[in-house]
Amino acid sequence: MKIGPLLLCAFALILLNPTHAKAEASVEAVTFALQPGVIYVPLYEAAWQLHWQAERDLAGRCIRLHDFAVPAASLRHFIDGTELIRTTDLELAGARVNINADDGSMVVWYGFHRFPLIVSPKQVEVSLAKQQLRAWQGSRLVLQTHISSGRDGRTPAGNFTAGPFRQRMHYSKLYHNAPMPWSVQIYGNVFIHGFTSVPNYPASHGCIRVPLDGGNPAKFIYEWIDDGSPVRVVRN
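If you count by my numbering, then the sequence shown holds residues 1 to 236, one letter each, in order.
No wet-lab data here; the hints were simulated from the structure.
Do not take every clue at face value.
DMTMM-like cross-link-like pairs, simulated, lysine to aspartate or glutamate; straight-line CA separation at most 20 Å [to be verified]:
{"id": "1", "residue 1": "Lys-219", "residue 2": "Asp-80"}
{"id": "2", "residue 1": "Lys-219", "residue 2": "Glu-83"}
{"id": "3", "residue 1": "Lys-130", "residue 2": "Asp-152"}
{"id": "4", "residue 1": "Lys-219", "residue 2": "Glu-125"}
With the hints as constraints, model all of the structure from the sequences given.
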């Protein structure tokens with residue numbers, strides 16, 4: 001018996017119920033500083049809004065969205081595994097993205113189904129008491145991770161901004177060339193950066209250490225945050 005070509009690639013249905021979509025409910029987009037002009041939206045939210053089904057390739061190579069195979073390599077992820085798809089891939093799958101020339105507002109639509117797409121400002125808050133970093137784009141929480149700040153109160157509290165200095169691999173000029181991967185400056189010699197040891201208590205010389213494991217939140221924030229984005233460091 002011959003195996004038809006459609007059986008050569010096995011897919012598992014992702015449970016996306018179109019009836020759960022909310023008509024005209026806006027969706028907040030996700031952008032990355034290292035990919036200017038590229039706009040992402042959570043895959044499942046887009047599928048619900050457009051009343052599309054999605055099927056996952058069991059080998060993990062792609063997701064079939066509305067009969068279009070989206071390569072897994074083109075997706076981005078939050079550190080919790082949430083998959084993000086580019087608006088250009090939604091267009092390849094059959095959707096249209098309309099941009100208002102007057103105010104830049106966007107609407108994604110397919111047939112009678114549509115949703116406004118909003119690109120909101122970014123902000124970061126670091127709690128020294130909780131040893132926690134949270135990041136938002138608009139009201140969407142894009143990252144939450146534990147951190148390790150400066151011992152003996154060496155990390156200053158206040159309102160800062162990301163950048164302008166950032167480097168994929170930075171070496172400390174003050175502390176024996178210690179490696180500081182995924183470094184983003186927020187104030188003077190204070191950086192948010194990845195580190196191999198990130199205990200749940202203050203342990204650094206003043207920087208804000210972020211884990212390299214568990215989805216690599218250090219890399220995520222380095223690639224995501226824009227220069228000039230507000231970074232608020234609070235004592236509580």
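Okay, the hints, checked on the actual structure:
1. Lys-219 x Asp-80: holds, 14 Å
2. Lys-219 x Glu-83: holds, 16 Å
3. Lys-130 x Asp-152: With Cα atoms ~15 Å apart, Lys-130 and Asp-152 stay inside 20 Å; holds.
4. Lys-219 x Glu-125: Distance of about 17 Å is within 20 Å: holds.
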